[in-house]
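Q: Single-letter residue listing:
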Amino acid sequence: MGRYFAIRIGRAALTIVLVVTFAFVVLRLSGDPALMILGPEAPPEVIAAFRKAWGLDDPIWFQYLDYFHAIAKGELGRSMRDGRPAIQLVLERIPATLALTLPAFVFKVALGVPAGIYAALHRGSGIDRAVMMTAVAGFTVPSFVLALLLVLIFAVQLGWLPSGGQDSWRHAILPIATLSLGGAAVLARFTRSAMLEVLGQPYIRTASAKGVPWRKVVTSHALPNAAIPTVTILGFMVGTLIAGAVVVESVFSWPGVGRLLVVAVANRDLAVVQCILLLVALTMVTSNLVVDFLYGFLDPRLRAKGAHT
Amino acid sequence: MTDATLKDARVRHRISLPAIPLSVALAVAWIAAMLVIAALAEKIAPYGYTQLDLRNRLSAPGHVAHWLGTDELGRDVLSRLLVSIRISLLIAFGATAISAIVGTTLGFLAAHFRGAVEQIVLMLSDFQASMPFLIMALAVLAFFGNSLPLLVGLMGFFGWERYARIARGLAISANAQGYAAAVRQLGATPSRIYLRHILPNIASTLIVSTTLVFPEVILMESGLSFLGLGVQPPMTSLGNMVGYGREYLTRAPWIMLAPATTIVVTTLAVSVIGDWLRDRLDPTLQ
Amino acid sequence: MTTPLVEVASISRSYSMRSGMFGRNTAVHAVDGVSLAIRKGETLGLVGESGSGKSTTGRIVLGLEPPDRGDVRFGGKPMAAPGTPAWRAQRARMQMIFQDPLGALDRRLPVAAQIREPLDIHGLGTSAEREERVRELLRAVELTPAHGVRYPGALSGGQRQRVVLARALATKPDFLVCDEPVSALDVSIQAQVVNLLCDLQAQLELTLLFISHDLRVVRQISNIVAVMYLGRIVEIGNADDLFARPEHPYTQALVSASPAPGRRSAGRIVLSGDPPNPAARPQGCAFHPRCPRAIARCAVETPVLAVVGADRQVACHLVTGPQAETRDAA
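Protein chains in written order, with the working numbering: chain A, 1 to 309; chain B, 1001 to 1286; chain C, 2001 to 2330.
Same shape as in the complex, but just chain A (with noise of 0.2 angstroms):
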């Protein structure tokens, strides 16, 4: 148990440290950073004087040490844009981020687990398939194309909805709408297979050919086997809550996360994208850890299986 908490702990600290080692290195090779900031105007012993306070001169591997004691230290540099800490910049974001991302995925659940388990135990029938289509869909249509169709169906033609903006509740109905659908039909399609591999199991059949209800089979033998694995996709989303409002978020214009990320890059705004990347790697990689965590505790013989590998 402890064995298998202390490997899922220490990946965890890898893909970290992986992602600063990224940043690093990106940040490195794409040039000098101080013709990046001062510009390549600047005369050379201003250069001289920023590239010594900047410790730009020291070996390689110490300003690599020296990057990492400062991420530590929370210190993520300054947006060239407006001078104000990077750090400052992405955490105001994250509330109207949220705003989005938070509903959307309790939609998501709502609408897609019970759409897949329902599909599973109908196999065959007119709602299975209209689950599988829709879940097809869901992966076929990016999710800009079915922002800028909602868009046209509820804001052009109909009127009813705003197409961009932060104004009231309204503007946030698209795109939560759009994160909720393609979220929903990915995760009916993995309920669904999951349900149905566990429905094929022996003990199902056993349960039930020993006389057991149907309705006690599927609740107490079928979704708890069926949840392991739905867990962990659960996981995964909760981890692109940050990540995942990219696109949705420049479509419709909403003040978020996604949104800085993008005009950051436009901008090549290094010290805000480097925040970003950081936040995003810390969710992915907390939310990996809770989902290890849930999962060692509901399945015992992964906790086995952990020790062996």
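Do not take every clue at face value.
Sample of chain A residues lacking proximity to chain B, with all beta carbon distances greater than 10 angstroms (derived) [as the list claims (entries may be wrong)]:
#	residue
1	42
2	67
3	99
Covered stretches of chain B, as calculated for chain A (at least 3 residues, CB under 8 angstroms) [as the list claims (entries may be wrong)]:
#	region
4	1074-1085
5	1137-1148
6	1217-1229
Partial list, computed: chain B residues near chain A (C-beta under 7 angstroms) [stated by the list, open to error]:
#	residue
7	1090
8	1093
9	1128
10	1129
11	1205
12	1246
13	1250
14	1268
By construction, these hints were calculated from the structure, which means they are not laboratory data. Just so you know, even glycine gets a beta-carbon here, dropped at the ideal spot from N, CA and C.
Got chain A sorted already, so can you dock chains B and C onto it with the hints?
A: Only chains B and C this time, still in chain A's reference frame:
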């Protein structure tokens, strides 16, 4: 034993007679059409994709001179669509090829050397799988700016970890027992074992994975281009066109709908073919 | 007397295996101090139950994996390290026949291409010569050129094993290790393949290490037989002599369990106790828990292989009496 194999073959033959389902046939036809368009885009396009027709700006589809209408500058939507298909497919094919080659090579290296090499490959693929690719791609674009080769290379990092895992797993089991071990003890060099024996044996599984990665690459590229961070004007791609069309959603929705439909139908077609191939070639892959 | 082609000097090989829920590593001694010598043109039969270490011994003798201790000499020279160019070149002189011929063949290549492969690998002959050699080999294993264009899946089990044999013989090797070469085949086909192997051996003066759990087959093909139990050789000697007068209690049980013409079936010895488990090797003589004649000493002291007759060595505390004296007298 021979009798059994014969009978088996006959049965299989009978089953495969209804051959290709209609949906798969349509999907193959669509992809074939896309490939022809990609190859001949400039030749079959009625106009140059940057050519302006200022008298026919924002004309609706069905116009005599412009079947799919024109955009704000009077550029022919059909011509732009054909060229966009070419660029988007070029990026998707290039990226898929890179990721398949890199992934398979790393998977083979992991299987061959085991130990530290294997651990590094597994660690990197875990890392790749656990971070949202869009965010990593945006970070790279922010740091390095933008160019077509960089975009293809960047998209080439998408999905490599799936090939690496598959190639590693299958190569390890081939090495542990069976034909690969047998050829090794004949004195074959590793490159002979991996390229002449293991690769052809696992090719069908890798091809099935390609049909899963390819549509995602198209979606990823079009997403980036839509955000204005992928293919840059005056060059055009499907995502780029949708992004441009978004500005004219109210007055000229056809600018957006034509490339959007193409994206959806193409990814759907590849998925349909992939599902069919998976059932036919590789029942072990879920 | 000529020097042996293959000399194996007290090789050992252990694997670490994780066992139990606490994941502790335990060493499994697959092979423990095995010595063998095979003279040119001879066949040594290696007999034992599954888990006796006979396959591992075969792989070490062939140089497919290195021993932890001890060494293997081929033609008087030490074996090259696995995977090196020298090792690869050496493969042309020694080959392996596998238990599962379908697994040993690439399903996606016609069998003629696979028979030709060793020639391509070792660069032997021109393209035309290689084609000719493939036809010759197909004939030698009693297949036709029509079989050559087929894929392994379209051949029967016996035909596949002939293909594996043809491939192994392509480079005219001196030494073959056959690991249970017929145990996956139908009984009627087993005899054909064994006869073919015997004929080819005589014709080509092959040296064989023949690994099998089937005494009948081993008896037919071997000059010398070694019996393994849990990683050690418990008895070794001239084949006919050993089958006629087995000395070690384990060999006696094996021989009595194997039907043979002209022998009373009444004297069958049935072994009790658990089948051997290499992860839990008993103290003392590994066979003592199942031995019908075990004495107190057997549980404490491990017997070593000792010469007990003209051409016989046995590792048993009970077989050192009169025979040992005879040896002293001789």
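Q: Each hint should be assessed against the structure and marked as holding or not.
A: Verification of the supplied hints:
Taking the minimum C-beta to C-beta distance to chain B, about 20 angstroms, the non-interface status of residue 42 of chain A holds against the 10 angstroms cut. Under the 10 angstroms C-beta cut-off, the non-interface status given to residue 67 of chain A relative to chain B holds; the minimum distance is some 14 angstroms. Remark: the non-interface label on residue 99 of chain A is consistent with the geometry, its nearest Cβ contact in chain B lying 20 angstroms away (cut-off 10 angstroms). A count of 0 residues in the region 1074-1085 of chain B with a Cβ less than 8 angstroms from any Cβ of chain A is obtained; the coverage claim is therefore unmet, three being the minimum.
Look at the region 1137-1148 of chain B against chain A: 8 of its residues bring a Cβ nearer than 8 angstroms to a Cβ of that chain, three or more, so the hint holds. Counting residues of the region 1217-1229 of chain B whose C-beta sits closer than 8 angstroms to any C-beta of chain A gives 7, which meets the bar of three, so the coverage hint holds. Of the supplied interface hints, the one on residue 1090 of chain B is violated, with its beta-carbon coming no nearer than about 19 angstroms to a beta-carbon of chain A, more than 7 angstroms. Given hint, residue 1093 of chain B at the interface with chain A, is violated; its Cβ is 18 angstroms from that chain's nearest Cβ, farther than 7 angstroms.
Given hint, residue 1128 of chain B at the interface with chain A, is violated; its Cβ is 9 angstroms from that chain's nearest Cβ, farther than 7 angstroms. At a threshold of 7 angstroms, the smallest CB-CB gap from residue 1129 of chain B to chain A is about 10 angstroms, leaving the interface hint violated. For residue 1205 of chain B, the interface hint is violated, the least distance from its beta-carbon to any beta-carbon of chain A being 19 angstroms, above 7 angstroms. A hinted interface residue such as residue 1246 of chain B counts as satisfied when its beta carbon comes closer than 7 angstroms to some beta carbon of chain A; here the least separation is about 6 angstroms, so the hint holds.
At about 5 angstroms, the closest approach between the beta carbon of residue 1250 of chain B and any beta carbon in chain A falls short of 7 angstroms, and the interface hint on this residue holds. Because the closest C-beta pair between residue 1268 of chain B and chain A is about 4 angstroms apart, less than 7 angstroms, the hint holds.
Violated hints, in rising order: 4, 7, 8, 9, 10, 11; the structure is consistent with all others.
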